[in-house]
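Engineer: The letter at position 170 of the sequence shown is residue 170 when you use the UniProt record's numbering, and the numbering goes up by one with no holes.
Be a bit skeptical, because a hint or two may be false.
Pairs of lysine-lysine, DSS-like flavour, derived with a Cα cap of 25 Å [said to hold, decoys possible]:
hint	residue 1	residue 2
1	Lys222	Lys233
2	Lys274	Lys10
3	Lys230	Lys220
4	Lys225	Lys165
5	Lys165	Lys43
6	Lys220	Lys50
7	Lys217	Lys233
8	Lys288	Lys17
9	Lys263	Lys50
10	Lys274	Lys233
11	Lys50	Lys225
12	Lys65	Lys217
13	Lys194	Lys220
Label pairs and their computed distance ranges (CB to CB) [to be verified]:
hint	residue 1	residue 2	range
14	Lys65	Asn290	38 to 48 Å
15	Lys288	Ile147	40 to 50 Å
16	Gln26	Lys225	39 to 49 Å
17	Gly143	Asp18	35 to 45 Å
Simulated from the structure, these hints should not be mistaken for laboratory data. Heads up, the beta-carbon is just placed ideally off N, CA and C, and yes, glycines get one too.
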Amino acid sequence: MLRQIDNNRKNGVTIDKDFIQILENQQYLTSPHLIFFQKVFYKYFSNRRKIFQVDCYFFPEFMPKLTNQLPNDLIDLQKINKIKQQIEDRKTNQSNFVSNSIIQKNNQFTQYSNQQVQVTEKQKKNFLFEIINISQSKNVDQGIYKISQLENLLSRQTLNNDYYKGNSISNYDYAYFPINLGNYHWISVLVYFKEGIIIYQDSLNGYNADIIAGIEKIIKYKCTKNIDWKILKNTPRQIGSSDCGVFALYALFFLYTRGELIKSDSYSQTFISKVRQNFATLAIAELKHNLKDDNVINIVNQQ
Numbered sequence: 001m002l003r004q005i006d007n008n009r010k011n012g013v014t015i016d017k018d019f020i021q022i023l024e025n026q027q028y029l030t031s032p033h034l035i036f037f038q039k040v041f042y043k044y045f046s047n048r049r050k051i052f053q054v055d056c057y058f059f060p061e062f063m064p065k066l067t068n069q070l071p072n073d074l075i076d077l078q079k080i081n082k083i084k085q086q087i088e089d090r091k092t093n094q095s096n097f098v099s100n101s102i103i104q105k106n107n108q109f110t111q112y113s114n115q116q117v118q119v120t121e122k123q124k125k126n127f128l129f130e131i132i133n134i135s136q137s138k139n140v141d142q143g144i145y146k147i148s149q150l151e152n153l154l155s156r157q158t159l160n161n162d163y164y165k166g167n168s169i170s171n172y173d174y175a176y177f178p179i180n181l182g183n184y185h186w187i188s189v190l191v192y193f194k195e196g197i198i199i200y201q202d203s204l205n206g207y208n209a210d211i212i213a214g215i216e217k218i219i220k221y222k223c224t225k226n227i228d229w230k231i232l233k234n235t236p237r238q239i240g241s242s243d244c245g246v247f248a249l250y251a252l253f254f255l256y257t258r259g260e261l262i263k264s265d266s267y268s269q270t271f272i273s274k275v276r277q278n279f280a281t282l283a284i285a286e287l288k289h290n291l292k293d294d295n296v297i298n299i300v301n302q303q
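Input sequences plus hints: build the corresponding full structure.
Structural biologist: Take a look at the structure:
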């Protein structure tokens, strides 16, 4: 299948051999996979059911202390490790210099400290460790949830074309939130407005109460209805070590195409393993053909 594909951009994502290979080789799905298939499902099924959905970068900004997610192509580990080593070396040299100064002459250290206070911002920027320290201290007063930035985040990172600033998300039938936990595990949260149910979909059977609290804060902020929510978390389980992203995506597909509550026996690991391969087929088909919603269903659910 890899011979059939050249680098191409579709639905805001570059589809190349690496993108397809990750799907075919049982690897951990990346942010572009989540974004691409979310947009594909919205494109073909938004006329069936109205589902409010944000892209996978929303939660790293809204709940930065609980979530973290960077696409693999933005990470250069060699550069990061080199920078870290440079920082440590500079810190060590600075520490040794200060220690020696104290031993040799205390008043020299005092004079050095006073000089440091007078260093201009322009001079500070010459030191990489100063910049990193500044960036780490940003938004420390936001707490777990960035409520004050919620409206702007939703306006920027909502995938629905019909969502406008100030809208109530209860105007939709459902809501779908893909979430990356610690840059190692995908889950999704699905909201059924009419039923008053929130499903915490974690294929590893985990549960994080702070995530649900964050979802409830979003709903309270963006929903005109006062609902006593029932939380469900008994969803299908994975056996493979890298299929969490596929489980998270298929939950959205299931919701769009069937509109039912996801239960523990709604689909199996064996079926999801096949869906993973079908997603690769769908990505290539989306690049090469003008599909219809029934075509997408047949490709994804092919046994």
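Engineer: Under the constraints set out in the numbered hints, which ones does this structure not fulfil?
Structural biologist: none
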